[in-house]
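**Q** Every letter in the sequence shown is one number past the one before it in full-length UniProt numbering, and letter 268, counting from 1, is 268.
No lab work stands behind these hints, which were simulated from the structure alone.
Beta carbons are placed, not taken as given, at the ideal position from N, Cα and C, and that holds for glycine.
Hints may be right or wrong, so weigh each one.
Stated by the list, open to error - Straight-line Cα separation of at most 25 angstroms, DSS-like style, residue types lysine-lysine; simulated pairs: (1) 71 with 83; (2) 188 with 83; (3) 188 with 273.
As the list claims (entries may be wrong) - Just the calculated beta-carbon pair ranges, DEER-fashion: (4) 13 with 107: 24 to 32 angstroms; (5) 401 with 28: 35 to 43 angstroms; (6) 16 with 312: 36 to 44 angstroms; (7) 312 with 401: 41 to 49 angstroms; (8) 427 with 94: 29 to 37 angstroms; (9) 401 with 15: 51 to 59 angstroms; (10) 399 with 301: 17 to 25 angstroms; (11) 308 with 193: 28 to 36 angstroms; (12) 7 with 184: 45 to 53 angstroms; (13) 28 with 312: 42 to 50 angstroms; (14) 49 with 300: 38 to 46 angstroms; (15) 206 with 78: 17 to 25 angstroms; (16) 6 with 80: 50 to 58 angstroms.
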Amino acid sequence: MIDSLSTEILLTILECLSPLDLFSAIRASPIVYRTFIAYKQHLLRHTLRQAIHPACGADIHTALDAQNIPKLIKSGESITRVKAECFSLFATDRTRRRRNIDQFSVDNANLDTLFYLHVNVERLIDSYCHWSLGNLTSHHEKPTQFQTTTVHPRATLSSTEQARLQRAFYRYEIYARFQRVLHLLTDKSGALNFSQIVLSFISQFTPYEFEEIISVRQFLAQFIRSLCERVDDDVVASCYLPDSVGAGVEKEASGNAVSMKIEGLKDLSFFAKSYRDTHHLDHVKFLASCGLPYVFRLSLMEPQALKHAILNSYVESRNNTVMDFFFQGGLYIESCDEKQKDIVLRGKLVSIPRDEVSSCNLGWKWGTSFPEFVKPDTPAMFDLRNQGYVFWDQERLQESGLVNEPYVVHVGTKYFPPGHRGPFLGPSVEERLGGLGIDTEVLRELEDE
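Please put together the full structure from these sequences, using the hints given.
**A** Okay, here's the thing in structure tokens:
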């Protein structure tokens, strides 16, 4: 049927599509693809102009400029040149924000780059909405395990909700590119000097805008952790199945146990129990610094390719550890004395009308109650960030009942905001294989090869 449509009608239809729908359509139909190629510049510009909220103008432009950073790194440019590019990018960003850029304007040469960047951002936003809205509507229950392989229906968002999500994801993309450069700086003084760019960038934002970016950071940490768990599951399944040799795993009889060797992988400490406590957080920070498109591409990889990508990045992350200014840990309850463990944390709720993108409708800080004030404990807001509370319009929050729900946390009890320190949901591969009677000593042996 679509083959019978005139070019004019087909072009009109394509102009009505979102970037994600246009991306899918040009891959599903040869005639749609030919029409897209014939009117490519027009369609890209029109589609992006309709999809990008005016409030995100400065963020979009800076995120687009930041795509040049990994290109410079891959081309072998000196770190001095890369740092200079970042300083220039930050200076331009500040100028744009002072001028309140709210118009989308990109030259033809960068339309392709921005289109595919935006498609990846929108895909991650879809995953975020599926996760956080699910937690919002069932916030009395413990969140279910995060899944990256599910096809998520698009959430129905208001214009202001979409804008808050867009700007937060693009701002995190900018931050991630700066972080990637920090990973390359080997001398401490140079890293400290460059970190001022990162601090200056995040200091531009209000507390609730900062909270938006932290919520995105928390989502990405769970997204990446789910990818690590997919690798774990694949390795365990390969060792357990009779035909696992074909999956790249060699098994050798050793008494009543089985030794495991994975082809092409020399450092298997990723699968050891100690990885969870010692290296996982730095690994997540490193992967997040590779940018949103890269993180999403990982989720599309086949098991073998994903396994190698995750393990290679783990090795690299151990050699490049830097401060992540958006990483928020939890309370270290173990360091409290018995008296401090009896502290009660209470939620302090403030509700303000929010009709515009740049207004805040909900501020909820868990903190220690004192007679005259509440001392906020921002890291303990894990559940609220899972629910995306800072992104949603007041009407959505009222319908969920979240704004009317009091919250009290007794630190001395076993319950505390689930996941506030980022634990895995299950045991390590080393523990799981040990339970199956598989000899995991080879994990340690291969580290020394």
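**Q** Quick check: which numbered hints come out false for this structure?
**A** 3, 8, 9, 10, 13, 14 and 15
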